Each structure stands twice: as C-alpha cells, then as structure tokens.
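S.K.: Position chains X and F relative to chain W; hints supplied.
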Amino acid sequence: MAATGGHTVKAFDEDLGQLRALVSQMGGFAEHALGEAMRCLVQRDCEGALRIVEGDRKLDLLEAEAEQRIVRLIALRSPLADDLRDAVAALKIVGIVERIGDYAKNIAKRVPEIEGAGQIEPISLLREMARIAASMVHDVLDAFVERDAAKAKAVCERDGAVDDFYDSIFRALLTFMMEDPQNITRSAHLLFVAKNIERIGDHATNIAEMVCFAATGERLGDRRGAAG
Amino acid sequence: MLTDIEAKADLKIRARAVSAFYGAKKAVDDVSLDIGTEHVTAFIGPSGCGKSTFLRTLNRMNDTIAGARVEGRIELDGEDIYGSAMDVVQLRARVGMVFQKPNPFPKSIFENVAYGPRIHGLAPRKAELDGIVERSLRRAGLWDEVKDRLAESGTALSGGQQQRLCIARAIAVDPEVILMDEPASALDPIATARIEELIHELRGRYAIVIVTHNMQQAARVSQRTAFFHLGELVEYGDTSEIFTNPKVPRTQDYITGRYG
Amino acid sequence: MNSAPTLWRSEAMRIRVAGRYAAERRFRLIGLGAVALSLGFLAFLLGTMALNGAAGFMETRLKVAIDFPRSDLFLDAAALQGPGAQAALAGADIEGAVAAAAQARFGAAGPRLISDAGWLRVRDALAADPSLLGRKAEFSLPAASGLEGRPEYHALQATGALVRGFNLRFLTGSDATDPAAVGIWGAFKGSLLTMVVTFAIAFPIGVLSALYLEEYAPRNRWTELIEVSINNLAAVPSIIFGLLGLAVFLNFMHMPRSAPLVGGLTLALMTMPVIVIAGRNALKSVPPSVRDAALGIGASPVQVVFHHVLPLALPGILTGTIIGMARALGETAPLLMIGMRAFIAAPPGGLDEPATVLPVQIFLWSDEVSRGFVEKTSAAILVLLAFLMAMNGLAIFLRNRFETRW
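If you read the sequences in order, they're chains W, X and F.
Residues 1 to 228 (the working numbering) are what the first sequence spells out, left to right.
Residues 1 to 260 (the working numbering) are what the second sequence spells out, left to right.
Residues 1 to 406 (the working numbering) are what the third sequence spells out, left to right.
Any given hint could turn out to be false.
Quick list of in silico lysine-lysine cross-link-like pairs, DSS-like style, CA-CA up to 30 Å [claimed, not checked]:
#, chain 1, residue 1, chain 2, residue 2
1, X, K26, F, K284
2, X, K101, X, K147
3, F, K63, X, K107
4, W, K58, W, K195
5, W, K58, W, K109
6, W, K151, W, K195
7, X, K247, W, K92
8, W, K10, X, K247
9, W, K153, X, K247
10, X, K25, F, K284
11, X, K25, X, K101
12, X, K101, F, K284
13, W, K151, X, K247
Away from chain W, derived, C-beta distances all over 12 Å, residues of chain X [said to hold, decoys possible]:
#, residue
14, S32
15, G83
16, W143
17, L150
18, D188
19, I190
20, A219
21, E241
22, G257
Here are some chain X residues pointing at chain W (derived, C-beta under 10 Å) [unchecked claim]:
#, residue
23, I242
24, F243
25, T251
26, I255
Just so you know, these hints were derived from the structure itself, not from any lab.
Predicted model, so just to flag it, every value in this text is computed and none were measured.
Glycine included, each C-beta is placed from N, C-alpha and C at the ideal position.
So that you can see chain W by itself, here it is in the shape it has in the complex:
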C-alpha cells in the first residue's frame, strides 16, 4: 500500500526522506565496496584492497547514525501503521547493509592471500556471481526507497541464480584443488569469497522481506532456495 500523500507535519516527511537517503547512501557504499573488492581480487590489487578494508569503518559510522535517527523518529514522531513498519524495517535493513559491507571487507582481506602465479579460472565465475549479488542489493534498496513490494519480490527470485553459481564454483574449486595440491590455499580463500558472495545474496533477500513487510504489513512466506 503506497503512501497516499504527505504528512500534515512536513518535518515528519523530511525526517523520513533523510532516513531513506541515508539508507541509499549506505547501500551505494556497500555496492561500491563489493565491486571494488572483486576488481582487486581479479587484478590482484593489494593496495586497493587495503583501502576497502579501511573504508569499511565509514559504513559502520553510517549505520550508527542511521540507528540514532530511527530511534529519534520513533520517540519524537510516534509513527503508526506504515510509518512504524518503515521505521522498524529501516532499522533492520541498515544492520544488514552493514553486514554486507563487512563481507565485502572480508573479500578484500583475502586479496593478498591469493597472490601467486597463474590465472585461476573460477575467478571469472566469481566476478559474475558478485555482479548479480551487487545488482540484487542495488535493486532491493531501490525498492525500499520506492516502497515497491513487487520489485522486492522480484529480487528474491534472483537469489536462486546466486545459489546455482555457488554450487558450480564450489565444484570447480574442488576440482582445481584436486588437480594441484599447491592450489589448495588459494582455492580455500576463494571458497570463502564465494561463500561471502552467496551470503550477500541471502542478505539481499532478507532486505526484500523487510521491504515487503514495510509496504504491505505481511511476511513474504517461504523463499525459494532458502538456507544456504
């Protein structure tokens, strides 16, 4: 159910607008971190990776600020109905986005670990997987700002693709490890990277659930391809 008009108290609308802008900003930041981490992974850019790790602190600060804003909103505006659901959803979403940022940081941390000779084939798969995950995050946060439950639901459906990618990469890396035991260290790290990206996809569906709840007041129900 979309909002039928602005609040009589205009400052309330401003507060909500600023909150959404903050969530968007966090989302963009996390997306960027993920994209950069993958690029550093492919190009073996250790300095870039270091920058990503340090930059994660900013995301933490943004999350703290968002939390504070939401608490103020609840205390001062006494939101009800869809405004209340929006506030609760926003609180959970910023936590999830912060965790997505943490995963991106984790990926960046592993960049120095896979340094070494030779091209690793599965990395291209990883990049594709990350691209889908990043687009899921982008779309679901758009859906939050627009309060579009249908868009959010569509995002959930793409999680299946991410899970499929994970399965293939898993098998590919296992094969890689069996081929040459010297690859095990690097492959193990890549496995974790794959895992992180898969988790990012799951988190995007969690966000989608929250968006649906905020918009309609109902839970999304069983998701396809749950638990990963």
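M.R.: Here is chains X and F on its own, set in the frame of chain W:
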C-alpha cells in the same frame, strides 16, 4: 462493518444500521457494530465525524436535544433501547456516562456518589448507602484521597479527582456499560495516566466505550478500535491491527497524520 | 506579514498612544461624573426627606395632671375590671375631664393646646391600669398640631410643661384626622398583608411557569407567542392592572372592596411576569453540564429540575422576585383603582377587611391641607424607604446564602 464477538455472553450492545440526524443534517450514517464486555472499545476520528453523536445514541442522551432523531436498531442485552418497553431513566442508569469536562454535582462528595443509588432506590438503608459509596470510591481509585472529607464539596477537588469522582458516581448505580466521551482531554498527563489505569482496572466488569481524539491513548487503552469519518464507520477491528496494519487507506491516512 | 518592521517608537505611534490614554481618562472621568451626579440626586432626595421627616417622628407633649377622685368622672375601678369595661369607658366623659385639667393648668386656652385625640391616651391608660382612678396622675398628652408655630410655644417651654419626645404613636397608630395623632402602622400592616398575598400567589405560579417554559415546553410558535406576551406584560402600565382588578375582582367576582386580598391579587398579576422573566434567565444560566450529569446518572426530568437546576437557579429567581416585590410595594395607581384609598382609622384585622398601603397613605397625606401633614408625609416616605431597604437586604442575604459554586 461488523466484528464478531466470539462468545454470545460477551456481547453487550448490538447496533445495526444506525443513523442519527440533527434536524435535516445527518451526523451518523448507517453504522453497525457490536460492543462486548471483555474489551474496551475506542472510537477515533477527526472532529465532527459523528463518534460522539453515535456514543450518545447508546444511552439516548440525544433525546434531550430538540430535533435529534435516530434510525436503526440498538439493542442492550437483546432489548431494543428505543422501543416503547424501555424506560429511558433506567437505561441511563444501566448505561452510564462520563463527560469530557468533569461535572460533579455542586454537592458534597458523599452526596455526589449517593445520589444515583438513592433516586433509583438501590440502598434503602443508610448502612447500605455508605457501603455503596465506599465501594464506588474505592473502585474509582479515589477513596484514600477523600475518605476523610466526604462532606466537602465535590467541586473543590482537582480536575483529575473530579473526573474520578464522576466515574465513581457512574459506577455507584452498578451499570453494565460505561460510556466515556474524551474523559481525559481536560486533564494533565499524570491525571490522564491514572484515568487510563482506572479504565484498565474496570475492564471486564463493565463494558467500556471511550471516545478519544488522542490516538496514542486509544492504542494504550483499548482492545478494539472503530474509526469514524464523516459519519460513517470506516473500519472496526483489533486495536493492534488498526494501528500497525489498517486495511482501509482512509484509516491509515488518519492515524499516520496524512489526513487533511 | 508586513514588508517593513513596525516602528513602535515613532512619533506617530507616540501621538496615537497619548491619544489613547487621553480617551481612557476622559471615559473614566465621564463615568465618575455620571456616578457623582446620580449620587448627588440621591443625596438631595434623602437629605430633603430626612430633614422634613425627622420632625414627623417627634411630637410635642404637654404635661397635664388629672386628679381623678376630685374630677367629674363617674368611673368605678371595679367596673373597669369587669366585662363591661369598654362600655363604661365609652360612657364616661374622659374628654371633658382632660379639658378641665388643661384649663386648670394652662388657663382658658388650655383645652385647645391639647390635641383633639389627646384624651385617647388617658382612656388607654385607664383601661390598662384602673387603679389610677383612685389617685392623682400626671399624663404627657400630645399637643395640638402647629403648636410649635404659635406664640405660646416659648412661654410654655419656659415653664417646663412642654416635653419633646419620640412619637411612638406614629409607628403604632393608624390614620387620623389630626396630624398629631396619625400613625403609620395601619398602612404598614396593610402593605405587609398585601405583600404576603402578592408573594403567595405570584411566586409559586411565576416560578412554576418559568420552569415549565424553560425546561419542558417544546420550541414552537405557540411557546414563542407566550414568551413575547409575558415580556410585554412586564411592561404594561400598572394602572391597567388596577382596571383589570376593578373589573374582574370587584365587579365580576364581588370580592370585598379595598381589602388586602384584592390588592394582593392585583399586584400579583403585575409581579408575575417579572418573576417569570427573572426565573427563565436564571434557569437559562444554569450550565447544561449540570443537566447532562444528572440525566446521565438516570435522573428523571422532574428530578433533574428540582434536585439540580432549581437550587442553582434559586439565587437569580430570588433576586428577580424581590425586585418584583419591591416594585409592587411602591405601587399606588392600581390600588387606587380598586379602592384602597379610603380613610381607614384602624389597622386591618384580616385579609378581607378594608385597608390601605404605605404609598397610598403617603399620597393621601400629601393631599391634606393641614400643615402638620407635611412632616408626617416625609416621615412616612422614610418608613417606606426603610421597608424597601429591608427587603433588598433580605434579598441579598438570601441570595448569598443560596449561592453555590458550580
């Protein structure tokens, strides 16, 4: 829009297709709802939406206004309250009312509470009357504050105390329903909180209907909420549902402050 | 919003403010002037009345000694104690004995120095104490009216035979031909009885009518017509009510003429609209919250009115009633029409006996030629004013007593 009251025994007032007119002006338009004893029912809505008018049809207080007319059927325990068999005076004892501005009689505190039982013949002996007065004042949470000064004038009390006195007065005739028309709107927050706590204590013993402008109060105090708008009953359901996920867009607009 | 900020301290503003203060001052002065003028008129009235009337409360008395055993009175002490006392007193020539004693004391002109009704005092004294017949007794008898102006006055005063004292008889006696002997009590009692009748009829009917019109009557054309009629009735000249009383009570119903009953009925007709109007206003001023509270607890309409509304409206009703009664007390014209203008020498015994009222008495005395009546008239006006102030005082007392805060 009806809400089924599960147990038949719980149903106290049943209203069907009730419309109320002031002369030619229609103030309440085709309202149907049930009120039960187990819950506190709140009526919310903007000014002039008909919630107070509808409340007053439940104890026929609108009869006193010239040109007021009520159509439809309202039953108290199955009896038609607008039927010829219903004695208005007794109806108003069974369905008590507390008003927005506290209006104790300009008599002593004791007399205020004792007046109702006396005129209805509920306590022929003085000892019984004393008992009723004490019981009513205790239930209203006022006994400890006034037990030493029952002979003082009721109008000398503070606003919150006066309102609790009015509640005690209504309780003294052992009503089945208590109607409250914005009972705390003239009181400070602490007095308001005491009234709300009192309502909580009275729940279950009397069917309570409260009209309020303050949505947070409706949310705190009631279990069922009815939203009125322009004389119509727009939505009626569980309070937690109405305030977290109302089904009708008009309801949501009103409670989130997008109305107007 | 103004585009430029307001200059509160500019010269134009200062002039405006000064003009405003001046206007306030002027208004206050005019108000004070009006009050002072009214007080001046009132002081003039009261002062003139007091000056003229003070003399009316005083009387000049001459001391006369009567030696009963040696006088020509054929009265037996025993006879005065028996049932035939009145007849015996009437038969005796007390007047002659007094005249003889006066002559003995003051000379040939003596009897004329004493008021015509002076011998009545001796008669009353004998009736009270028959033992006086056995001895010589001294009496202070009222002097003839106008004695103060005559040349003998100073001579008599020098001899010490003159006494000037408070005229109790003025307050206890009734009308008489001799101004020295007139009393106000007859008219006072007549006024009192008339007021009692007026109150007994006008108050219940007026209050109940006000209650019905305000609380029960439906708002339609008929009740509006009644309301307009009552308002007009309150403005009808009082003499019309006199004509009404004459036509209905005297000619049609053949009630006793000049009786307090008829006077009271006539004045009741006049006072009732005032009470109804005051009653309705008082009832209107009771806030609806009181009625709502009573109705909400299940009181019937009658209980609401008598237990809650009426007690709160009572101060206003009482005030209106007293105002109406005070007006009735001072009415002369209607009572003249129904005949309360006769010379009544004795106070009325009951409601159906002929009587007169204070304003009529004042009117009659002011018509008299004799000079002595001037001061009596002023004195009577003072008595009437005192009665009015007592009534107002009663009203204020009752109103304060019944005032409850709501």
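S.K.: Which constraints among the numbered hints does this structure fail? Numbers only, ascending.
M.R.: 3, 20, 21 and 22
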